[in-house]
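From first to last, the protein sequence lines are chains A and B. Take the first sequence: its letters are residues 28 to 141, numbered as in this note's numbering. Take the second sequence: its letters are residues 37 to 149, numbered as in this note's numbering.
It should be emphasised that the hints constitute simulated quantities derived from the structure, not laboratory data. Treat each hint with caution, since some may be false.
What the hints assert, rightly or not - Calculated cross-link-like contacts (lysine-lysine; reagent style BS3-like; alpha-carbon spacing at most 25 Å):
1. K58/B with K94/B
2. K84/A with K73/B
3. K78/B with K104/B
4. K36/A with K78/B
5. K94/B with K144/B
6. K104/B with K58/B
7. K93/B with K84/A
8. K93/B with K104/B
9. K144/B with K36/A
10. K78/B with K141/B
11. K73/B with K36/A
12. K36/A with K141/B
13. K73/B with K58/B
14. K107/B with K93/B
15. K78/B with K107/B
16. K144/B with K93/B
17. K94/B with K84/A
18. K107/B with K73/B
19. K141/B with K73/B
20. K93/B with K141/B
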Amino acid sequence: DSGVTQTPKHLITATGQRVTLRCSPRSGDLSVYWYQQSLDQGLQFLIQYYNGEERAKGNILERFSAQQFPDLHSELNLSSLELGDSALYFCASSSQGPYTGELFFGEGSRLTVL
Amino acid sequence: GENVEQHPSTLSVQEGDSAVIKCTYSDSASNYFPWYKQELGKRPQLIIDIRSNVGEKKDQRIAVTLNKTAKHFSLHITETQPEDSAVYFCAAWLQGGSEKLVFGKGMKLTVNP
Chain A
28 DSGVTQTPKH
38 LITATGQRVT
48 LRCSPRSGDL
58 SVYWYQQSLD
68 QGLQFLIQYY
78 NGEERAKGNI
88 LERFSAQQFP
98 DLHSELNLSS
108 LELGDSALYF
118 CASSSQGPYT
128 GELFFGEGSR
138 LTVL
Chain B
37 GENVEQHPST
47 LSVQEGDSAV
57 IKCTYSDSAS
67 NYFPWYKQEL
77 GKRPQLIIDI
87 RSNVGEKKDQ
97 RIAVTLNKTA
107 KHFSLHITET
117 QPEDSAVYFC
127 AAWLQGGSEK
137 LVFGKGMKLT
147 VNP
């Protein structure tokens, strides 16, 4: 158990819908990262937050947004969903920023868009 | 650019053989290079990492080497075992522009008993 909690574990929805994925980092970790893992596409970096502030952005679509709340949990919002958004979405946390070491990944949220 | 290239994408070896995974990166300012292992249906987990002030690091059967001049780094697994079968990701902490940890596309290693 990495100490990073992601909910829901599985989610099935239809095209055009909106979903919210939630992540609780390890106790004391200030940085939260979101990654998308599609088949054969590795781990695509989406966005990073540090202590409530956006720190870095990757190839995150405009239909996607995220935030980190004062209690340090984070949410990734995916809207106007398309079939191609089906993927495993990982949240990870680390102890502080700038990056100093290991990322601890959650178990992921598997999104299926039908 | 902000790329981390990894090859091969798949590798099959016999138990006891060695396996090597190679990665290249584009940002010469990168200073941290971790390797993650992802078993089927599980989350990625760090197995070893190396910083730019070190050329090689070993931990039991795994070792990582870094060539900053050539901007490439490699993972070496010796005496492979079936439980080494997994997808291995290299990554680089890119500092150009905004700081971020970028992963390669992964290599699926199969160790045949």
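Consistency of the hints with the structure:
no.	hint	verdict
1	K58/B with K94/B	holds (16 Å)
2	K84/A with K73/B	holds (24 Å)
3	K78/B with K104/B	violated (32 Å)
4	K36/A with K78/B	holds (12 Å)
5	K94/B with K144/B	holds (21 Å)
6	K104/B with K58/B	holds (13 Å)
7	K93/B with K84/A	violated (30 Å)
8	K93/B with K104/B	holds (14 Å)
9	K144/B with K36/A	holds (24 Å)
10	K78/B with K141/B	holds (16 Å)
11	K73/B with K36/A	holds (20 Å)
12	K36/A with K141/B	holds (23 Å)
13	K73/B with K58/B	holds (14 Å)
14	K107/B with K93/B	holds (17 Å)
15	K78/B with K107/B	violated (30 Å)
16	K144/B with K93/B	holds (22 Å)
17	K94/B with K84/A	violated (33 Å)
18	K107/B with K73/B	holds (22 Å)
19	K141/B with K73/B	holds (12 Å)
20	K93/B with K141/B	holds (23 Å)
Comparing the model with each numbered hint stated earlier shows that hints 3, 7, 15, 17 do not hold.
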